[in-house]
Structures are given as structure tokens and as C-alpha cells.
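Each chain, letter by letter, is given below.
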Amino acid sequence: MSVHDWIDFAKGPLFAFTFLVMVLGLLRHVIIQVSSLITGKGRRLRSAPWRRIIADALSWVIPIRHMTRGTVIFSVVSFLFHIGIILVPVLLIDHIVMWEEQLGIDLPAIGRGLADVLTLFTIAAILVLLGFRIFGSRQRSMSSRIDYLLLVMILLPFASGYAAGHANVNPLSWEAMMLTHLLSAEVLFVLVPFTKLAHIVLFFFDRISGLHWQLRPGAGDKVAHALFGEEAKV
Amino acid sequence: MPETPEITAATQRTLQGQRLKYYIENEPAGDRVDQFLRAFAAVLEFSDYRPLLDSYCTSSAKCNRCAVSCPVYLATGDPRDIPCYRTNLLLDIYRRYFTIGGAVEARFSRSFELTDDVIDDMLEVFYRCTACRRCTRSCPMGVDHGLITRLGRYALSLIGIVPKALQVSVREQLEGDTHNTSKVPKEALMNTLEFLSEELEDILGVTMTFPVDQTDRDYVFYCAVSDYLMEPETLMGNAAVLYAAGDWDKWTIGTGNYDGINYGLFYSDWHLENIIKRLVAEVTRLRGRNVLIGECGHASRSAHDFVPVFGGKEAYPVVSFIEYTLDCIRKKRITLNPDIITERVTYHDPCNIARSGWIVEQPRDILRSFVKNFVDMVPHGQENYCCGGGGGLVSVDEIHDFRMEIGGRVKAEQLQKVHADIVIAPCANCKKQLKELVEYYELPCKVMGLHDLILKAIEIPGAKSPAERAEEAALLAV
Ligand code: SF4
Ligand code: SF4
Chain X
1 MSVHDWIDFA KGPLFAFTFL VMVLGLLRHV IIQVSSLITG KGRRLRSAPW RRIIADALSW
61 VIPIRHMTRG TVIFSVVSFL FHIGIILVPV LLIDHIVMWE EQLGIDLPAI GRGLADVLTL
121 FTIAAILVLL GFRIFGSRQR SMSSRIDYLL LVMILLPFAS GYAAGHANVN PLSWEAMMLT
181 HLLSAEVLFV LVPFTKLAHI VLFFFDRISG LHWQLRPGAG DKVAHALFGE EAKV
Chain A
1 MPETPEITAA TQRTLQGQRL KYYIENEPAG DRVDQFLRAF AAVLEFSDYR PLLDSYCTSS
61 AKCNRCAVSC PVYLATGDPR DIPCYRTNLL LDIYRRYFTI GGAVEARFSR SFELTDDVID
121 DMLEVFYRCT ACRRCTRSCP MGVDHGLITR LGRYALSLIG IVPKALQVSV REQLEGDTHN
181 TSKVPKEALM NTLEFLSEEL EDILGVTMTF PVDQTDRDYV FYCAVSDYLM EPETLMGNAA
241 VLYAAGDWDK WTIGTGNYDG INYGLFYSDW HLENIIKRLV AEVTRLRGRN VLIGECGHAS
301 RSAHDFVPVF GGKEAYPVVS FIEYTLDCIR KKRITLNPDI ITERVTYHDP CNIARSGWIV
361 EQPRDILRSF VKNFVDMVPH GQENYCCGGG GGLVSVDEIH DFRMEIGGRV KAEQLQKVHA
421 DIVIAPCANC KKQLKELVEY YELPCKVMGL HDLILKAIEI PGAKSPAERA EEAALLAV
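So the sequences go chain by chain: X and A.
All residue numbers for the first sequence refer to the numbering used here, where the first residue is 1 and numbers rise by one.
All residue numbers for the second sequence refer to the numbering used here, where the first residue is 1 and numbers rise by one.
In isolation and in its complexed conformation, chain A is listed as follows (with noise of 0.2 Å):
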């Protein structure tokens, strides 16, 4: 057990050796170069990322500036972290097999050549980037390094490279029977609904039922459907602002798809498009009007950023549920208990809806509103450390000592720097590492969601008060 996060020359020297390995279902068998080539010249061929990849190829500078951005490469110093170092491996391919320069360059001089080797490095360290895009922040010329990470992942997994994890939840949601990454059937689901009823009735003392199947309402919820099993407590903060806010009889949850969940993001246009459209289908069979989105970065940024792009007719708007409730907040819709929240609390930016997103102030604003005792980590926001589990990576469980050791290790050192008690993660991926490496660095706080907390706070007429509850919990607790 280490003894602390904190990053030295030793523990660089010592973490530089640590390979990444994950399980691959089918490992390529025959040529892989020769798939591979064949593999990108297909993508090449009928996506657009040309432009962007000639104008990379030209104009990386190589001037070093991206590298002590990344937690990865900060963690090991090991050059083949540096994040122009791993772009440039899918760059060299392309600029040698895919433009003329290249082709004549290899001509005249010994140039590049893709071997077995350089297919070894790629699958590694693709999934040593977490896809963060922290490094694109520091990059002058502005290079997409997540946007790299993502289109090597894509080309590997076209021939089988990819963890084994990912695809067998994407394989799941697409063509098994449960049609969600995590094998719940819908009886579960309609159990667990009951569940989380009798919970909050215990709670709350007041009776909600769960809408399921409901027509024509303004809002149709996903989560991770992971949530439904593991994260009762953001579930029940979701239910009671909708209460308290007045909306129950204006959303629901669709039985023919119930997971936000969306891995095409980390690895595959081709199932990011899919499940994208398996997601509006259902808001289309239920005649919804809007697609709401509870705690989860990367399903909140691949629903709103790509419901647009591949929903055509069906593009409904996407709203997190984080707006929802800032926006109850600020209409007074729903109001705060000031007074519950004692503890020091600070937020998690989840890479997906900070850096790459538009959600970095609206869940402060709510903390602000009910938690005398917020902190911030230096830097946050969309500066924000990644937490290690990012890009899929979290669901990777063989990779778990990677992902203590050197991804999540610069998050660590933050979190034990903040001296917080409370850290707030309103993502199911960000909350998952970050609940190990507290444990692992056995860090004194608690890792919750952000409507985790806001359950505790929430004045709801005709229900028992903050105050009632928190005596109430407290006994329960003894």
C-alpha cells in the first residue's frame, strides 16, 4: 500500500516499467499490419477525418509543450506518454501509407514502416490515454490528442483490438436481449423502481412511483444503467427534485431502452452512431419530447453532442439533468435546506462535460446554494485533472493498478491537497475511480454524487424535513 500520492523522480523510475494489459476477446490472427492498413483505409475512406489528419501531419511542432499537461505522462515521465508521442504514431501511418508525400518519401529514403512492433505500442498506449483532452488545452497548435486516442482505438478495434470489457458491453446493448451494458433485464429494472419507491417512502415519507412507459412527457431519463444497481443514492436525488419541483407526471423511463450508456464514444464511430440511435428510437416510441440525462459525463456528452449529429428527424433536445435542477433552483422551483450540509465539500469536474462539455459552473452554483463549507481543487473546471478512469478505462477492471499507480495518481495527489471530507462526482465512470483510489491511498473522504447530496438538503412539502431526516439517518447509523 503506497503511503502517499505524491509524485517523485523514484516513483517516476519505478512506475516507467508498469505496462498496461487488458483482455482481447479475439486476438487478431494473420497479418495485422496488413489489417490494420486495410482497417484505416476504410475509415479514411468513408468518414472525414482527412483534413484534420493533413493538417496534424504538417504542423505539429513537436515542441514538447503538451507533455507535462498529462497525468499519465506526469505520473511516469516516460516519453511514450508524452501525448505528441502517441498522436504521432497514428500520424506517421497515416502520412506514410495514405498521402503522397509519404509514398514518395518511402521511395527515395528509409522512412517509417508499420511493423508488429509499432501495432504492440498503439495498443498500449491508446489506452494509456484516458481521451481527457488536457494536453489539447497546452498544445499552440491545438492538437486533438483525445480525438487521436479515439481514432487509433477505432482502427484497432476494427480489428479486434479492444478491450475485452468495452465490447462485450457494447456487443450487450446492441444485439443482446437486454439491450444495456449491464445485463439488467427489465424485470430487475422494475423491481429495483420498486425498491428505490419503498427507500424513499422510508426517507421521505412520501409515496412516488416510478412513471415507466409513460407517453407523451416532456422528459425521457437515462442513466448509466449501472446506476440502478450501484448508485441508489443519486437515483433517489433525482427522484426527489423531480417530486419537489412539481415535474413527476412530466417524465419517464422507457422499458425498451434504460442506459445512457454510450462506449462508441471511447472507442467506435460505428457504435456511437447505433446506440445514439437506439436512444432517440425510444424517445420516438414513447413520443417524449426531450432526452434527460441523469450523473454521467460521457453519456451526457455523447447524448448532447451526438444526438444532433446522427439523430436526423429525431434530434431532441438533450438536457442534463445537473440544468434541470440549477434551473429548479434559480425558477425556485425546489428549494435547498442551508443548514444540512456541515462537512467540507469539493467537486470532480468529469473530463466529458467540463473540458469537453459546457457544465463547469451550473453544478458550483448549486453546491454554493446549500454547502456553507466548498472548496475547489487547484487547477479545476476545464483545467481539471482526469480521474484516471476516463475514456472507458474504469470499466477495465485487470487494468485496476494502472489505473491506481499512474492514471489516477495526479487526481489523488489533488484530492488528498484539498483536505475536502465530501468529493462531489457527478459521473458514474469518475465516481467508480474515484471510490478506489480513495480507498487505495486510504484518503480521508467520501466520494458521493452530486444529487447524493442534494437528497439530504431538499425541503419537499408534505414530507419529512432535512433536519427530521438527518436525526433519523444519524440513529440509523448507531
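Bound conformation, chain X alone (with noise of 0.2 Å):
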């Protein structure tokens, strides 16, 4: 096989399966909350204060309200961060056509200018991260060698990305970079769901826990008997 048999593998079978990991992944990790919610919660779930739980999740959309000192720069940041990783690898002229020729979807596309600056600031963004990360000593307290390797990961894609779109700043060739973006980008794909970037939809049930906070009637009682018999004491 040559390498441009390999790049149409990596743009055809390869992307069309690790894409469809990630969304049955993460939709596994929906259908779960949202069954264990209904058969826990019940008829509780109707009584909840949706509104405000929307309103709550929503106010995150665009961070400025919860930027508080000590926060600020952290959140700027990430705010970039995140922006770049949703807009371009989904509205990038190119991805446009393989959304098109995989999956059926047309989307609008950015203009190349606008999608290399948010690639720029994506990839300054994750450096930023890393650099809290590694040299923030309440940072690195927190972090174990997942938290790296994912910005890493992240970081793969964008990088050969740019650079497989710029000869001027690309030191292999185009194929190998080609191949490179592709294949990190799969690899991502498949981590998504398996770890914390599963976040992508997890973070609503994340919030919800004013719901979880509707304990359930008896269960107190269960476990003390199971624990110390049916004369449990205090």
C-alpha cells in the first residue's frame, strides 16, 4: 500500500469507525444517566427546577459571570481552548467535505484565515494549559500523566493540521503529516468516551447534582440493617 492508500484508509473506513466509537461511547454514557435518572428519581424528576438547571448550564456557555479572582486568566484561556477545538475541526473547509462524503452532513465552512488565526490561538491555548500544568505547583498537585497526555493528544491534530496546510512551516512531507493529523485525530476519537473528555456531554449530568440530592425514601434504613441488623443503633 502506498501512502495515499493509507491516507483515503485513514479518511474513509478508519475515520468513518473511530467517530462512530466516540458517539456510540458517549451516547452509552447518556442513555446510562438518563435511564439510572428515571428509574431512580421517578416522578421526582418532574418536580425539579429545570429552568434553573438549564439557566445554570448555559451560564458556563460563556464563562464571564463565574470569572472570579484567581480564575480569570485560567478561564480566558480555556474559554479559547474551547472555542477553537468545537469550531474548527467541525467547520474547517475540508472537514466540511468529509462531513459531506461520510456522513451526508452539509455544513457551512469558515474562511481559511479565520480557521488558521483559531487554530493559532488553539494550539497557543493548550501550551498555556500544559504550562499551568507543569508549572503550577497547585497544578501539578492534581495532575496525573492522563491530564498531560490528553492536552497532548489535543495538541497532535491541530499542530500537524496547520502544518500539513502550510508547506512553509512543515519539516516532513505533506503525506506524512497528512497521516499524522489523521491518525492522532482518530486515536482522540476513540479516548473521548473513555476519558474525561467524555465531559462533551457528561458535563450536564455533572450539574444536576441538586436532583441527586432527592435522596431515596428508606434507603437509610436499608443500610443500616443490612449493616448492623434490623436493631441498628445510633
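Careful: at least some of the hints might be erroneous.
Claimed, not checked - Below, in silico cross-link-like pairs of lysine-lysine (BS3-like), each with a Cα-Cα straight-line distance of 25 Å or less:
| hint | chain 1 | residue 1 | chain 2 | residue 2 |
| --- | --- | --- | --- | --- |
| 1 | A | 62 | X | 233 |
| 2 | X | 41 | A | 313 |
| 3 | A | 186 | X | 222 |
| 4 | A | 277 | X | 233 |
| 5 | X | 196 | A | 164 |
| 6 | A | 331 | X | 222 |
| 7 | X | 233 | A | 183 |
| 8 | X | 233 | A | 164 |
| 9 | A | 277 | X | 41 |
| 10 | A | 164 | X | 222 |
| 11 | A | 331 | A | 277 |
| 12 | A | 372 | A | 435 |
Stated by the list, open to error - Footprint (simulated), chain A over chain X, 3 or more residues, beta carbon under 8 Å:
| hint | region |
| --- | --- |
| 13 | 13 to 21 |
| 14 | 140 to 153 |
| 15 | 163 to 174 |
| 16 | 213 to 224 |
Hints listed in this document are in silico derivations from the structure and should not be mistaken for laboratory results.
Treat the numbers as computed from the prediction; the structure is a model and nothing was measured.
For every residue, glycine included, the Cβ atom is placed at its ideal position computed from N, Cα and C.
Fit chain to chain and form the complex, with the hints in mind.
What follows is the structure, given as C-alpha cells:
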């Protein structure tokens, strides 16, 4: 197989497969959450303060209201990072063609210039976030290998994609860069449902702790009886 | 004695070493790891925490944004006080021992293992956190550290690890003779009510006999039972409002249960539910129509949020006294004289009713209606800082130094900056902690309940006017 065959394979079946893994993996999270909420909370779901819950979740789309002392720089960087990783992969002209071919979805594209700027911003944001994790003692104390690894894994498709599109900054051949770009993105797809990146869908279920404060009636007694017998004492 | 509560890098360094230790009645004997896992398994089996834990386990970003919102972390700068650090202790256990992914991972790699050291760590950090939930508002994922802290405490309590002060109180409330946390027998309650009547007669010049065990009333009244011993002014303020509004024959205190305290909210689903059930049973016995909760943050939240959950057919509406008073003012059923309170007054939001509740503007509306010089702390409302005694910590005497030096330090700093003469805190727990803070840091302000202040300004038909009362009080003070 020539390198072009590899690229075609990565663009075609491999893309479809890894993308499917991501979508199904995320769907699985949603189904588990929704079904356990329905069986666990039942009727109590109806009386939940949905408006407040949704308003609160939406308020994080542009988190200005939440930028308090000590969180401002992080919030701005993280915001740019998220904008980049959502917009560029979805709306870049070359991707639009792929969506069309593979999934039959027709989306409007953003201009190349804008896409380039966004990509560079995203790369810069990733480097800053990585810097926080490496040099910020507080963040370092909280980070494990996977937290660094994921940032690098997100950096790869952006950096390689940019290099593939700009011959003047590309140290390798176009083919090698393109293949790196495709494969790293596909690895990322597979990682999404199994790592913290699953917050793409789970962030909403994280936010509804208000529902989880509605404890299950009778559960406390059952726990006590199971552990200490029927005559359980305080 | 510290000069100032201000937090500097140097104070942080000295505070980092300060441990939190509380008395435990019966230290668990034998293998604590095994016992803990069994207890946690039982909780997971019968309650429905799993979906939330699954979600947190997978998606917590470890971004650290929550750290700077926590008053404990701000005081110490210790990584162990980062909200996400503590939450991850429990999540790691859940992931490793109660999910398939964790089990598989453990097979193939050296993964997390629950040890005695981890139990010791949890034993401390779950009580360094007051479960105030401030950090939840700054977490982009919305991870509810208050809920996790509480769950961790719950599992620990099932193997016997719980501050003795809390356990003894709950035992008395659920299994003791007096059925209340302060062991106030019925006779003592009656004596106190008589004393309050006499005091009210002295102050106001009208006779009010407290209604006890009256049936078919609109409101059955619950306050933190400790108020009967320690906060007579608050109770007299409550009584004055009911009397002035013409509702004196619409409420009652029940002698079967007169304690609104529910420490179950702080550490145990088991106790939380049974205390709620006892509370509604008394309302049913008296054929009351509403639960009226006095000035207490956690009592208000536990009744308001959990009577509907655990009350079943007896899920009576729960009214907080603050809402009741504001309603009386709005409907012009009571009048507060705006010329009596001249001091500079600020308001401390109890976390349980502000951030985790529904009471933020109501008390401010009340205060602004009769206090000329009202000022808010920065930040306040749902962004307020916990007093440092939340989550039941204020009842644990042996951690006084921790509460002063660490837990309440940011609050003390806030109090110092606001320059108020009076800080209003409508909560038995907050009041106790704030009084201790004011004394510890020698802050020039007085801590009071909301209705203590109302008592001074309320106009009561046929009684002495507020101005007369103020004059008399001034004379007495001399
Ligand atoms: S709940 Fe309060 S005390 Fe606990 S970690 Fe969060 S901010 Fe800190
Ligand atoms: S802000 Fe939320 S996601 Fe970030 S470290 Fe704290 S708990 Fe974890």
C-alpha cells in the first residue's frame, strides 16, 4: 500500500469507525445517565427546578459571570481553547467536505484565514494550559499522567493539521503530516468516551447534583439493617 | 492572640501544619479498609448515588479552578484542601472497587489501593471541609463537593468514624428520653417558655403565654433546640412578630418534638430521614398545617428540602420564619420602626439557606425596611463565604482552634473589612461560630439574630413603643 492508500484508508473506513466509536461511547454515557435518573428518581424528576438547572448550565457557555479572583486567566485561556476545538474541527472547509462524503451532512464552512487564526489560538491555549499543569504547583499536585497526555493528544492533530496546510512550516512531507493528522485525530476520537473528555456530554449530568440531593426514601434504614441488623442503633 | 485575620504567605505556611482532630466514641476495631468497603457497598446498593459518581469519575477535569473559591484552601494553601483532591479520594475508591473499568485496570497495572492511610486522610479532610458548596459554583463541571463530602462522611460514620459530639446528639434525638439534641427535658422547656413570657412582659408590657401542644393550628414551630437555652432574644423576636401580626392563636410548639436540628444533613442519610419522620409525625399528632422553622440555616434546609422527599403523605409545607416575617411586612400586618436602629448593620448568609437554598434577598428586604445603615460584605449572597462552622463543625468543641485559625479565617477577614457594628446571622450555628470568631480576633462588632433586631424595632399595638423600650434598655445598661 502506498502512503496515499494509507491516507485514503485513514480518511475513509478508519475515520468512520473511530468516529462511530466516539459517538456510540458518548451515547452510552447519555443512555446510562438518563435511564438511571428515570428509574432512580422517577416522578421526582418532574418537580425538579429545570429552568434553574438549564440556565446554570448555559451560563457556563460564556463564563464571564463565573470569573472570580484567581480564575480569570485560566477561564479566558480555557474558553479560547474550547472555542477552537469545537469550531475548527467542525467547520474547516476540508472537514466540511469529509462530513459531506462520510456522513452526508452539509455544514457552512469558515474562511481559511479565520480557521488559521483559530488554530493558532488553540495551539497557544493548549501550550498555556500545559504550562499551568507543569509549572503551577497547585495544578501539578492534582495532575496525573493522563492529564498531560490528553493535552498533548489534542495538540497533535491541531499542530499537524496546520503544518499540513502550510508547506512553509512543515518539516516533513505533506503526506507524512496528513497521516499524522488523521491518525492522531482518530486516536483522540477513541479516547473521548473513556477519558475525562467525555465531559462533552457528561458535563450536563455533573451539573444536576440538585436532583441527586433528592435521596431515595427508605435507603438509609436498608443500609443500616444490612450492616447492623434490624436493631441498628445510632 | 492573632493581631489580624489577614491571610499572608507566612500565615499559610504556619497553618499548613495544623491538623484537625476530633473525638470518636468507638474507634473501629479490626480491618478498617474492609469495613469501609462493605459500608460503601451497602450505600451504593440501596441508595442511588451511582450515576452521579460514574459521571464525576469520568469527567472531572482536574483543572483546579475550584481551589481558590474554598475558604479552607485560601487559608492554608495546602493541596490537601483543594476541593477536587478530597473528592477524588472517594472517587478513586469508587472507581477502583465499584466499577468494571477500575477492576480491569487493577488487574493490569499498579493502580490506586485503599489503605489505612487513605482512611486516615479521609477521616480528616472530610471534616476540614464544611460542605458549604461554594466551590461547586466555581467548578465548570459543577462537581458538587458538598455532596461528596457528605457521602464520604456517611460511609465513614457507618464504620464508626464520626465526631462524638454529633453522634451523641443524634443518639439523644432519635433514641434518648428527651428526643432532642441538647437533652432539654419537657419541664425545662416549659420553664423556659414561662421565663420568655415574663421577659416579654417586662420588655413590651403585654402578656403572651406561649401556645403549647395546641391542635389544628396553622404552624407548628421548630427552632434549633439550643435556642431555648442560648438565644432568648431571637425567640422573643419570633414571638413578637407572631403576636403583632395577630397570629398568636395560629401557632404552637409541640412537646413531643421541639427540636429542628438535623445533623443527619451533615453526615448520614439514615439519620436525616428518621429525624425528618419524627418531625412530621409531631405535626400530624397536632393536626398542624405547616412546619414553621425558626432562625436556623441547616434546620430550614433539611426541613424544606427533605420533608417533601421523606414526608410521604405527611409532606407538610415548610415555611421559614424569615419568609413569614417578610410576608407580614409586605402585607402591612406588622410595622418596624425605621428610627430605632442607627448602627451600621451587615448580614451573613448561612450557606444552607443562601447557596443551597432559597433565602438571599428576603432578609435583606426585611433589614432595609427598617435599618438605615445597611451594608453588604464582599462577596455575599450565594457567593458568600461560610462562617467556618458549617457542616456541623461548630458543634465540635475540640476543633475550636481549627475553626478560628483556618475554617473561619476568611470570614473574619471579611468582617474586619466591612466595619459593621452589628452582623446579623439568622442561624444558630453561624451565630455561635461568628461570636467565637469576633472574640478570637477581637473584632469590634456584635453578632445577633435577625429577629433579635426586629424585637427592638417592632411596633405592637397596646405595648410600649420601640422608643420607650430603647430608653428603658439604655437605663438598664447604665
Ligand atoms: S464545600 Fe466549602 S469548605 Fe468544602 S471544599 Fe468546597 S468551598 Fe471548601
Ligand atoms: S473545578 Fe471542578 S473539574 Fe476543576 S479541579 Fe475543581 S472539581 Fe475538578
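Starting from residue 277 of chain A, check that the Cα of residue 233 of chain X is at most 25 Å away, please.
Status holds; Cα separation ~16 Å.
Assess, step by step, whether the Cα of residue 372 of chain A is no farther than 25 Å from the Cα of residue 435 of chain A, and give holds or violated.
Holds - the C-alpha atoms of residue 435 of chain A and residue 372 of chain A are around 24 Å apart, at most 25 Å.
Examine the region 140 to 153 of chain X for residues whose CB is less than 8 Å from any CB of chain A, and state whether their number is three or more.
holds (count 5)
Straight-line Cα separation of residue 196 of chain X and residue 164 of chain A no greater than 25 Å?
violated, 38 Å
Count the residues of the region 163 to 174 of chain X with a beta-carbon closer than 8 Å to any beta-carbon of chain A: does the count reach three?
violated (count 0)
Given the hinted pair residue 164 of chain A and residue 222 of chain X, is their Cα-Cα distance within 25 Å?
Holds - the C-alpha atoms of residue 222 of chain X and residue 164 of chain A are around 23 Å apart, at most 25 Å.
Would the pair residue 277 of chain A and residue 41 of chain X pass a check requiring their Cα atoms to be no farther apart than 25 Å?
holds, 20 Å
Measure nothing beyond the straight line between the CA atoms of residue 62 of chain A and residue 233 of chain X; if it is 25 Å or shorter, mark the hint as holding.
Roughly 39 Å between the alpha carbons, so the hint for residue 62 of chain A and residue 233 of chain X is violated.
Within a Cα-Cα threshold of 25 Å, do residue 233 of chain X and residue 164 of chain A meet the stated pairing?
Measuring from Cα to Cα gives roughly 15 Å; hence the hint holds.
What's the verdict on residue 233 of chain X and residue 183 of chain A, does the C-alpha distance respect the 25 Å limit or exceed it?
This hinted pair holds, its Cα atoms lying about 18 Å apart.
Is the Cα-Cα distance between residue 186 of chain A and residue 222 of chain X 25 Å or less?
Given pair residue 186 of chain A, residue 222 of chain X is violated - Cα atoms ~32 Å apart, limit 25 Å.
For the region 13 to 21 of chain X, do three or more residues have a beta carbon lying closer than 8 Å to a beta carbon of chain A?
Violated - the region 13 to 21 of chain X has 0 residues with a Cβ nearer than 8 Å to chain A, which falls short of three.
In the structure shown, a violation is registered for the earlier hints numbered 1, 3, 5, 6, 11, 13 and 15, in ascending order.
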